[in-house]
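Asks: Residues per chain, in single letters:
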Amino acid sequence: MRWACILCLLTLPAGWAAAQEGAAVGGAPVETAVAGADAGEAPLGQPAEPAPPAPFPAPAGATARDKPNDGGGAIAIRWQPVPGAMAYRIERAGEDGAFVPVGAASALENAYEDRVEDGVAYRYRVVALGPAGEEGASPATLPARSRPQWFNGDLTGVALSVVAFILVVAWFIRRARRGEQLFVRRIAGLEAVDEAVGRATEMGRPVLYIPGTGRIEDIATVASMNVLGEIAKKTAEFGTPILVPNRDPVVFTVSREVVKGAYTAAGRPDAYDPNSVFFLVENSLAFAAAVDGIMVRERPATNFLLGSFFAESLILAEVGASTGAIQIAGTDQVPQLPFFVVACDYTLMGEELYAASAYLSREPLMLGALKGQDAGKLLFMALLVAGTIFSLITGLDAGWLLSTSGY
Amino acid sequence: MKDKLPLILLIVVGFMGLTDRFLPHPAPEHLNQYMRDTLLRIISAFALILGLGNLILRHMNRIRKKSTDWPHSYTLLISFFVASVIGLFGGVAGELWFPTRVGTFDFNITTIYNQMLIPLGASMFSLLAFYMASAAYRSFRARNWLAILLLGSAFIVMLGQVPIGYRISPAIPEISQWIMEVPNTAAKRGIELGITLGVLATFLKILSGIERSWLGSGR
Numbered sequence: 001m002r003w004a005c006i007l008c009l010l011t012l013p014a015g016w017a018a019a020q021e022g023a024a025v026g027g028a029p030v031e032t033a034v035a036g037a038d039a040g041e042a043p044l045g046q047p048a049e050p051a052p053p054a055p056f057p058a059p060a061g062a063t064a065r066d067k068p069n070d071g072g073g074a075i076a077i078r079w080q081p082v083p084g085a086m087a088y089r090i091e092r093a094g095e096d097g098a099f100v101p102v103g104a105a106s107a108l109e110n111a112y113e114d115r116v117e118d119g120v121a122y123r124y125r126v127v128a129l130g131p132a133g134e135e136g137a138s139p140a141t142l143p144a145r146s147r148p149q150w151f152n153g154d155l156t157g158v159a160l161s162v163v164a165f166i167l168v169v170a171w172f173i174r175r176a177r178r179g180e181q182l183f184v185r186r187i188a189g190l191e192a193v194d195e196a197v198g199r200a201t202e203m204g205r206p207v208l209y210i211p212g213t214g215r216i217e218d219i220a221t222v223a224s225m226n227v228l229g230e231i232a233k234k235t236a237e238f239g240t241p242i243l244v245p246n247r248d249p250v251v252f253t254v255s256r257e258v259v260k261g262a263y264t265a266a267g268r269p270d271a272y273d274p275n276s277v278f279f280l281v282e283n284s285l286a287f288a289a290a291v292d293g294i295m296v297r298e299r300p301a302t303n304f305l306l307g308s309f310f311a312e313s314l315i316l317a318e319v320g321a322s323t324g325a326i327q328i329a330g331t332d333q334v335p336q337l338p339f340f341v342v343a344c345d346y347t348l349m350g351e352e353l354y355a356a357s358a359y360l361s362r363e364p365l366m367l368g369a370l371k372g373q374d375a376g377k378l379l380f381m382a383l384l385v386a387g388t389i390f391s392l393i394t395g396l397d398a399g400w401l402l403s404t405s406g407y
Numbered sequence: 001m002k003d004k005l006p007l008i009l010l011i012v013v014g015f016m017g018l019t020d021r022f023l024p025h026p027a028p029e030h031l032n033q034y035m036r037d038t039l040l041r042i043i044s045a046f047a048l049i050l051g052l053g054n055l056i057l058r059h060m061n062r063i064r065k066k067s068t069d070w071p072h073s074y075t076l077l078i079s080f081f082v083a084s085v086i087g088l089f090g091g092v093a094g095e096l097w098f099p100t101r102v103g104t105f106d107f108n109i110t111t112i113y114n115q116m117l118i119p120l121g122a123s124m125f126s127l128l129a130f131y132m133a134s135a136a137y138r139s140f141r142a143r144n145w146l147a148i149l150l151l152g153s154a155f156i157v158m159l160g161q162v163p164i165g166y167r168i169s170p171a172i173p174e175i176s177q178w179i180m181e182v183p184n185t186a187a188k189r190g191i192e193l194g195i196t197l198g199v200l201a202t203f204l205k206i207l208s209g210i211e212r213s214w215l216g217s218g219r
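Same order as they appear, the protein sequences are chains A and B.
Residue numbers for the first sequence follow the UniProt record's numbering, so the first one is 1 and each next one is one higher.
Residue numbers for the second sequence follow the UniProt record's numbering, so the first one is 1 and each next one is one higher.
Read the hints as simulated data drawn from the structure, not as lab findings.
Since the model is a prediction, treat every value here as computed from it, not as a measurement.
Incorrect hints may appear among the rest.
To be verified - Derived DSSO-like pairs: lysine-lysine, alpha-carbon spacing no greater than 27 Å straight-line:
| hint | chain 1 | residue 1 | chain 2 | residue 2 |
| --- | --- | --- | --- | --- |
| 1 | A | K260 | B | K65 |
| 2 | A | K260 | B | K2 |
| 3 | B | K4 | A | K260 |
| 4 | A | K260 | B | K66 |
| 5 | B | K188 | A | K377 |
This is chain A alone, in the form it adopts within the complex (with noise of 0.2 Å):
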């Protein structure tokens, strides 16, 4: 009992203080310390429990509300950094109103996102944690719950910069409607396309159309789909036999279909080979040694390769170089342009690949996107160069421009 007497007579003082200044900030701590004199009151005889952590200064300012922006399910919990903090601890209450720790945030942190279920009302409080073990607990925030939202309100500088985009676009194609005449500037690679077919026409040999190693839903492989109705028109003209191997088995199906319809609409459809278009395997490196064979074996006097190309691409264009055929190529998968460029004659960059089905056809509709295209592209360079100027005149991030969200 004695021990007991002296256990509380230590310990209160801590309780008493740490209350006085919880009461000042918002009272939480007082359970801290009713907690502490409890602890004072262990029976005679038994070891008596370690003392409560010592008060700290507790964070100022916590909030708590949904997560802007997201899908639903989380909390984003803030507050004021302590000094001399070395880490904090964050505690949730549900319906039940009982505090429980759910997570902890470094001394460097003053955010924290808690995943909880939608709709349902969280109170958070959290809990500076000092050198000693000392612990300032902040009030509780006012109930937040969580839900989804329907607009991402951090990607409407990217919305308003696609539907610009649009615009632009659908204003060159109007103007292309109207029959204006746009000049479009000369892409090297495309024309050469008209000289490679008439090379394999007049050597006798076929042209070989690799569309990429890529699936049905990139980009790549369905631009790579129309630049093949272009090229199988003029082999259709030509009368030049081309070859399509595929990876993917949708992709075949669809250059198949394409192929086909490219002789109809040349007006030669009993010249389409039903064979000239082919599944070879699903596995990239088996089809780049698939593709190596036929380009060894049939002596195809023109290469293209246009679509998506990974690991395979310098396997694919240097067998073809080997081979002294013509070699045109395109992707939109920056670290295989090298490649492309070392080992063919021309090689498409990134969005010449998306030029090329418009500048071969030469349809005005389609010119007047190309048009649209190249107008966006220096609307955006236009923007940059604005953007690195306000940059370096304020010393301000112009990143902000882009982002609305403000939390």
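Chain A is already provided as a structure; the job is to place chain B on it using the hints.
Replies: What follows is chain B alone, placed relative to chain A:
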């Protein structure tokens, strides 16, 4: 209707794909996920049957017509048949009724994949080193000032990646790093910007029905 139905489908699916990034709500996200993960897989499964049928027919034609190197087609057809039987009736690891083990010799699909397909793929991949050397030899010939610039920067970058570069001069790895981080990144970002706009323009062309080559059948 034969033209309109694919276009309508494309417009609906295309807009769903475009808005996926802007709408974080689980409803459109789950729908997109379902289309990508489930519907596309079903389509791929049917397309695979067509593809394999085409593969077999093509090689049978090659054998019938005695085309160049036609005996190779036998290799493909026999491998295809044997692997199909083992896979379909022997299971992935030989757990079905077809025997895939003779003594200590395993020949189930997993073994075939690990012991044959992976080493063959690795062999193909290793060829890249030789192709890179031959491509580098051709491209690094100093024919004009652009080629000299390429040769010079490639030389510095390569030296900067190996210890001897630092031994020659501690500045070499720094210059190498600068080439990679500044001019190289600037060029890459320029190309990537063009690609992004090209993707959007292609999307618009297809969506507005201006680009119809992908529909095939002479449209």
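Asks: For every hint, state whether the structure bears it out.
Replies: Going down the list of hints, with the structure as the test:
1. A:K260 with B:K65: 23 Å, holds
2. A:K260 with B:K2: 16 Å, holds
3. B:K4 with A:K260: Since the Cα atoms of B:K4 and A:K260 sit roughly 19 Å apart, the hinted pair holds (cutoff 27 Å).
4. A:K260 with B:K66: 26 Å, holds
5. B:K188 with A:K377: It holds: about 15 Å lies between the C-alpha atoms, which stays within 27 Å.
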